[in-house]
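Chains as they are written, first to last, in this note's numbering: chain G, 1 to 397; chain V, 1001 to 1189; chain F, 2001 to 2138; chain Z, 3001 to 3171.
Hints were generated in silico from the structure; no laboratory data involved. Positions of the beta carbon are idealized from the N, C-alpha and C atoms, including for glycine. Do not take every clue at face value.
Pair ranges (Cβ atoms, derived) [to be verified]:
1. F/Ile2022 to Z/Pro3143: 53 to 59 Å
2. F/Ile2110 to Z/Gln3154: 55 to 61 Å
3. V/Asp1132 to G/Pro301: 52 to 58 Å
4. G/Glu36 to V/Ile1015: 48 to 54 Å
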Amino acid sequence: MKTYAKKDVSRRVMTLNMGPQHPATHGVLRIELELEGETIVKATPIIGYLHTGVEKHSEAKTYYQNIVMYDRLDYIAPAMNNMSYIGAVERLLGIGAPPRAKVIRVILLELSRIKSHLVWLATAAHDTGAMTVLLYCFREREAVMKLYESLSGARMMQSWICPGGLRGDIPDGWTIMIKAFLDEFPARIKEYRALLERNPIFLKRVKDIGYISREEAVAYGLSGPSARASGVNYDLRRNRPYGGYNDYDFEVPVLTDGCAYARYRVRMEEMIQARSIILQALVKLPNGPVRAEHPIFLAPPREKIHENMETLIKHFKFFTSGFKAPAGEVYFATETGKGELGFYIISDGSEKPYRVKIRAPSFSNLSILPRIAPGHMLSDIVAIIGSLDIVLGEIDR
Amino acid sequence: MHQILDKKPVDILKILMGDNILDSYESQDSVDVAVIDRQDLLYAVGLIRDNPALDLRYLSFITAIDHLETEKMFHVVYEFANLDYDSRLRIRIQISEKEPWVPSITSFYPSANWHEREMMEMFGIEVREHPDPRKLLLPDWVSEHPLRKSFPHGGEELWKFHQRTIEMFNEKSDYQGRTDDPWLERFIE
Amino acid sequence: MLTSFLPIFLAILIAFTLAAIISLLAGLLGPHKPDRHKNEPYECGIVPDKPVLEKFDIRYYAVALLFLAFDVEVIFIYPWAAASVKLGVFGFNEMLISVAILMVGYFFAIRNGIFNWNPHRHGRVVRDDNPWDSRGMP
Amino acid sequence: MRKAPRKPHEYLKTVGGIPSVPGVSTTKLDETINWLRKFSIWPVSMGLACCAFEMMSAGASRFDIARFGSEVFRASPRQADLMIVAGRVSWKMMPVVRQIYDQMAEPKWVIAMGACASCGGVFNNYAIAPGVDRILPVDIYVPGCPPRPEALLQSLLLIQEKLHKSKVEYF
């Protein structure tokens, strides 16, 4: 087939700036694309437009004050940032949470995973043209936010997990509300599946796009659903269990064909697994205190403050100048909706951490974009970014 | 723990590298840390990735720590992991502030590319043979290295830093931004 | 004879005058505050340092031409559709012939790959320069 | 004795000096234009960080922002009248925010949503600009981190009131 169109086309590369203020870049990511007609020759992401200097700032605050700041990293599912940081601090101090707090933490984390995947589904489908899925997913997200609101009063940033357990116990009707939400959730998942998986436009936009082989995923440090869709069989909840995850049975979906559609299927499956984990946790919910007690590192419980003078002084000192953490270094990573979010805390024995390094999953997940983008069409890069599920708060830190 | 040799990665590394490992200890989260010199970093990283006994192909992160008081000014930390056996190893390099450079391991681990660029701009540690040593996160008019302990956390010097940026910004655009700050004392902690 | 076309001319006249009035009013009455940044092309927020309008690929021109051809064809179909009852089968055949003539151009374009924008990507973009594959990693 | 019929000008009741005929209401041109603009303020999508998700929740079905006429979040500043700076503005992002503001068509308003956009908020360090009003004339500051969608809707109402009273600039 002799093609006139290709022969006399002068190889002129056009640079296009998919800038920080763009509806499809999931935040303030800027990509400089070099295009040859509609085919991408080179894509270089430029980040830093949301750099908030969190690592520098956390050196000026005590361990307890830092919790609030790490909510704002992955602002789609804040409870997961808390768990990573609190896990690191607890391991540094050598304290644990009481069993009831552990189970409630698992419930909060899995609710955040469902919320994070709902936001991903909303924006990914919206980018490939399925507008209704966005509004459906936000309806479910509002239901999850109502649960968080009834728990702590804050819709998004609860920072409910603190060293030694939780800030407070759950209200009475909370488990009933969760069960109500979880009962109707499978019907909703069926709705999304019906909207997307038999929709030829979505399938054509997502199938065989952004292929990542297993070796590239490991070499580029991908983690989470983006890596598990390329065959990397690694999930922190199962390989390095933390927070009591080892006594729940759930499967980890791993696919091997690594395209954007595989990442879609992995995340949809993870939402169903998260629902089953919460149901198991609701059954397993023990009674008992929600916060551990520790003479040095934790604040005395609220009701004991008025009994004698020492606990009152200790309470006051705890919240003003914090506790002196033992010197040492700790790295603790948890499996968030995006991947392995880890906190590397180095303490020199004072109240404030000497250095906090945040290993963000989206940071490495995005670093593979210059490798997989060339060869795709311009409209494919929108689907690739959607499928990688990046959030700019934790990339730019 | 390597499945077949059931040895920790640090012990295997000790066997392979002999006395090049200056010191090794176990951190609080039971991950072994090996302290080596930067001359044989590339050799160690080559071993870590390709040697079937170690086989740690996943680079978790690279970061630097600014030890203010000790003579060795910077510590550069690399964390490797093997996703199948889930064994982790951390490498620490101590470099002095006089010549803060580190060889780049992007040729071994492409995920190191961005981590090293961030370390370069935040600490001022030069990473040699890095394929793309541009700034990653900071705006291009900032020349200081914020994560060093000498950079101010807050207070008077930070406010001067803000004012310099506002003035620089005002020359470029036509709008005269507000440099006076009613809550100035809020900045001086 | 001419008077039978009067309603059409009237409709066209009203359309143009309305459009003219609205755009003129908006142009005249609205505030005009042009400044350097406002007149720069919109680059997602980045101040463009080099000229943004570069040469476009030839394939855009080919697709635009094809669209123009079919657009003109549609203009002819509208009056036929309005009077298709009166014209009856004769008009229908005429229109079929004219559309068929255009279809020849359409298939010629398809054969010559005007719509084949990304010829070298068939399905999955598999990169062969992947050094890790060759060494047989697990 | 029949009263003399009223002269034509006496039929016109005067309301504040303006003659008023039954069935016809007269108003100032400014008021009409502002009334038209008030209920169709289109915001430019300047969602930066966490507040962007509260803005999206406001745009979604539960706290429907479409009830107040600003449902369409235009991507390009040319077709927008309102800029909701939703999130923390870092120094690297400041020139971009300023460029977008300059490229918006004339009657334009700015809402600084959240503590970070209003005064730097939680992040009082080198990377975050202490308040977006360093470079933009901000009309409404919305407190909260992130502010609830109702707070954003209330700020929209305040903008509409301010707009209603503002003087329309002609050529």
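Results of checking the hints against the structure:
Between F/Ile2022 and Z/Pro3143 the C-beta distance comes to about 42 Å, which lies outside the given range of 53 to 59 Å. The hinted range of 55 to 61 Å is satisfied by F/Ile2110 and Z/Gln3154, whose Cβ atoms lie roughly 56 Å apart. Against the hinted window of 52 to 58 Å, the Cβ-Cβ separation of V/Asp1132 and G/Pro301 comes to about 53 Å, which satisfies the hint. Taking 48 to 54 Å as the suggested C-beta distance range, the pair G/Glu36 and V/Ile1015 conforms, at roughly 51 Å.
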